[in-house]
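Q: The listed protein sequences correspond, in order, to chains A and B.
Residue 10 is where the first sequence starts when you use our numbering, and the numbers rise one by one after that.
Residue 1317 is where the second sequence starts when you use our numbering, and the numbers rise one by one after that.
It is worth saying that the hints were derived from the structure and are not from the lab.
All residues carry an ideal CB built from backbone N, CA and C; glycine is no exception.
Any given hint could turn out to be false.
Unchecked claim - When the alpha-carbon atoms are kept at most 30 Å apart in a straight line, the in silico DSSO-like pairs for lysine-lysine are as follows:
#1 B:K1410 / A:K143
#2 A:K209 / B:K1588
#3 A:K12 / A:K71
#4 A:K12 / A:K312
#5 A:K176 / A:K128
#6 A:K143 / A:K312
#7 B:K1325 / B:K1359
#8 A:K312 / B:K1588
#9 A:K176 / B:K1588
#10 B:K1474 / B:K1407
#11 B:K1410 / B:K1474
#12 B:K1359 / A:K143
#13 A:K309 / A:K209
To be verified - A few chain B positions that, by computed beta-carbon distances, are all more than 12 Å from chain A:
#14 L1356
#15 G1405
#16 T1416
#17 G1481
#18 N1498
#19 D1503
#20 I1518
#21 E1527
#22 Y1528
#23 A1540
#24 R1614
#25 V1630
Claimed, not checked - Partial selection, computed: residues in chain A whose CB lies under 10 Å from chain B:
#26 N14
#27 N15
#28 A140
#29 A188
#30 Y254
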Amino acid sequence: MIKLNNIVASYTTVRGQVTAVDGVNLHVPSGYIVGIAGESGCGKTTLLRVLYGDVSFPLSLKAGSVQYGFCNDDGEEATSSNIRQHWFKRISYIPQSSMSSLNPVIRIRKQFVDFRDSKKGNAEVLAEVRAYVKDLGLPPEAIDAYPHQLSGGMRQRVMVAMATFFKPDIILADEPTTALDVVVQKGILLLLMNLQEQMKNTIFLVTHDMGVHYQIAHKMLIMYAAKAVEFGDSDAVFEESLHPYTRMLIESLPTVGDDRMRQGVSGRPPSLWDDLHGCRFAPRCLLATELCRVEEPALKEYKPGHFAACHYVESS
Amino acid sequence: MMGSGYMMKTVLKTDSLKKVYKLGGFIRRVRIDAVDDVNLDIKSDQPIIIGLVGESGCGKTTFAKVILRLVEPTSGRAIVYDRLVAGKGDKPTKQELLATLQPIFQNPYEAFSSYRTVDSYLRETAVRVNQLSQAEAVDAMEEALTSVGLEYGDVRGKYPNQFSGGELQRVSIARALIPHPNIIIADEPVSMIDASLRMNVINLFLTLKQEYETSFLYITHDLATAYYISDCIAVMYRGCIVEFGDAKAVLTDPQHPYTKLLLESIPLTNRKWDEEQIAMSGIEIEEYQFEGCKFCNRCPIAEDICNHQRPDAVRKEDGRDVYCHFA
């Protein structure tokens, strides 16, 4: 169980503080692929940075903490304050752009050995790396190449290999396939799914592509304007969404083979600079009433394991 | 190919259109056939939306640039609404060209300079292309902005950073509408726009097709939106068209192995993937100048002939063209 306790994270800018994640309070069961969806600026990447413990200026954690559900060697529980010592070993990160994450002037194999276990020698680690990379179905030459010699899909596979090499408990992936072609994307996502099935770890996957979530996520977290608005099993969120925003988001997507007319959501997300009160989706919501504009709905469990933040879940 | 009757117009026609980019110096010169022998002939008696889909690097943006006369083709010709826009021959003036076709680009924040007000772009288009006076230009701007759901008062004097991506893209559509072009070339117009607002822009294209009688060349990698708005669709791979025909027919019943692969790979929201791994592309540059079928390295049904002979179009009963030896 990964516990996110009332996380508030904000950025310091020249105009002042802007809160990008505002009070996310959630218990996420371990061993699933958790998809985080929402529009740009909804706070999904910031939430991922907080989970990774990568909180540095201009980002700051104003309140709350994360309990990761595992302990270090001294029996101390991993929380936001000490998660950095678990980087790579227990928690790892797959970035969006593999080109800017790999060092262009160093061969891939050297970059692999960079974060090796200090007890083992380079040659020993390298042999393990080669065996692991072969298991993933990558060509063995890929390890000896420079990043620019590999195609984008191959580089992203190398990133996946690096992130999963130590079989970490938690993997964070921020738009891991957004820059790739659909055919390559499918390959990478299937690779991630297979690895997760073998290792039974928790993957947090951020992407704005709802199709990707539908294909691989077990659990879904929908965010809107810095708030968590819905969380539950992926099938339940897609088939029986509780929050009107989720419903409109899914309904607005066209799909091949479906000739129904689609409508976008009118209006636009609120600016996080404004003084926001009430439900943040209320100005765009067709069901909104006076209550929504005044009182902010809390994230509540309406069905077992299915949470939503809306005053009118039962009635809608 | 759409509709019938005597009023058929050539919406878009290309004869062996080709664009080769040469990279590198003397020693390691690389040739990329970005658009390789594209033959299209699309006729219609009413405005239509042509979808051009393919993965990144398939040449779809180069195709748009050739049509917009931003790059010169290496060989071949392109004709849009009976005007020669690219290739050798008697070409229209820049002003005539811009009255026939207008572009919309992917990133509206890059399309507008951040140091100029956005309405100055609209005014300039009205004055230069439509040859209107300043007073008439305001009317034209008002009309165009109204049709995309904005008001002139809300746009006047504002800079690009004062708009959201969706609004700014609407402004760039309004700008493209001012000359009442026959066709708008839209290169990935919604890929920078958030999911909840994307459909508003897509639906706007459908409305404008009816109200302004404007055709669209909709260039995208997103098959779902292409399916939603296109009347006919061309699928590109490594500079070549591999399948062309009615959008619904091509995307629901693909015939070319590449179109099939593409459709199996997109993450749909109504059907889950079969779990099987797929062949990865080899070194990309080799495929660009391969003399046989460019897809043959990844194709499950490839045979010897595919290695050295480029397949010609095979016309199927439903009017679609499939560029495959085994179609």
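Q: Each of the hints needs a verdict: does it hold here or not?
A: Hints and how they fare:
Taken as a hint, the K1410 (chain B) and K143 (chain A) pair is broken in the structure, with Cα atoms around 57 Å apart against an allowance of 30 Å. At most 30 Å may separate the alpha-carbon atoms for a hinted pair to count; K209 (chain A) and K1588 (chain B) meet this at roughly 21 Å. Restraint check: the Cα-Cα separation between K12 (chain A) and K71 (chain A) comes to about 17 Å, which is no more than 30 Å; the hinted pair holds. Proximity of K12 (chain A) to K312 (chain A) is assessed by CA-CA distance (about 19 Å); at most 30 Å being required, the pair is judged to hold.
Between K176 (chain A) and K128 (chain A), the direct Cα distance comes to roughly 18 Å. Compliance with the 30 Å bound is thereby established for this hinted pair. Straight-line distance between C-alpha atoms of K143 (chain A) and K312 (chain A) comes to about 44 Å, which puts the hinted pair past the 30 Å bound. For the given pair, K1325 (chain B) sits about 5 Å from K1359 (chain B) by alpha-carbon distance, which is consistent with the 30 Å threshold. Distance hint between K312 (chain A) and K1588 (chain B) is fulfilled; the C-alpha atoms sit about 24 Å from each other, no more than 30 Å.
For the given pair, K176 (chain A) sits about 27 Å from K1588 (chain B) by alpha-carbon distance, which is consistent with the 30 Å threshold. At roughly 37 Å between alpha-carbon atoms, K1474 (chain B) and K1407 (chain B) are farther apart than 30 Å, so this suggested pair is violated. Between the alpha carbons of K1410 (chain B) and K1474 (chain B) the distance comes to roughly 28 Å, so the proposed pair stays at or under 30 Å and holds. Distance check on the hinted pair: K1359 (chain B) and K143 (chain A) sit about 52 Å apart at the alpha-carbon level, beyond 30 Å; violated.
With a CA separation close to 27 Å, the supplied pair K309 (chain A) and K209 (chain A) stays within the 30 Å bound. Once the 12 Å rule is applied to beta carbons, L1356 (chain B) is consistent with being away from chain A; the minimum gap is 22 Å. At roughly 36 Å from the closest C-beta of chain A, the C-beta of G1405 (chain B) stays outside 12 Å, upholding its exclusion from the interface. Listed as outside the interface, T1416 (chain B) is consistent with that label: its C-beta sits roughly 29 Å from the nearest C-beta of chain A, beyond the 12 Å cut-off.
For G1481 (chain B), the shortest C-beta to C-beta distance to chain A comes to about 8 Å, within the 12 Å cut-off, and the non-interface label is violated. Residue placement check: N1498 (chain B) keeps its beta carbon more than 12 Å from all beta carbons of chain A (closest about 26 Å). With a least beta-carbon separation of about 17 Å from chain A, D1503 (chain B) lies farther than 12 Å from that chain, consistent with its non-interface assignment. Its closest Cβ contact with chain A, about 8 Å, brings I1518 (chain B) to no more than 12 Å, contrary to its assignment away from the interface.
Non-interface status of E1527 (chain B) relative to chain A is upheld: no Cβ of that chain comes within 12 Å, the nearest being about 17 Å off. With a least beta-carbon separation of about 20 Å from chain A, Y1528 (chain B) lies farther than 12 Å from that chain, consistent with its non-interface assignment. Distance to chain A contradicts A1540 (chain B) as a non-interface residue, since its nearest Cβ pair spans about 5 Å, not more than 12 Å. Not every Cβ of chain A is farther than 12 Å from the Cβ of R1614 (chain B); the closest lies at roughly 9 Å, contradicting the non-interface assignment.
Residue placement check: V1630 (chain B) keeps its beta carbon more than 12 Å from all beta carbons of chain A (closest about 23 Å). Proximity of N14 (chain A) to chain B is violated relative to the hint, the smallest CB-CB distance being about 29 Å (cut-off 10 Å). Annotation: N15 (chain A) was flagged as interfacial toward chain B, and the flag is violated, the nearest CB pair being 27 Å apart, outside 10 Å. The criterion of a C-beta within 10 Å of any C-beta in chain B is not met by A140 (chain A), whose closest approach is roughly 19 Å, and the hint is violated.
Annotation: interface hint on A188 (chain A) holds; nearest CB of chain B at approximately 8 Å, less than 10 Å. Satisfaction of the interface hint for Y254 (chain A) is found here, the shortest Cβ-Cβ separation to chain B being roughly 8 Å, below the 10 Å cut-off.
Going down the numbered hints, you'll see the structure goes against 1, 6, 10, 12, 17, 20, 23, 24, 26, 27 and 28, while the others check out.
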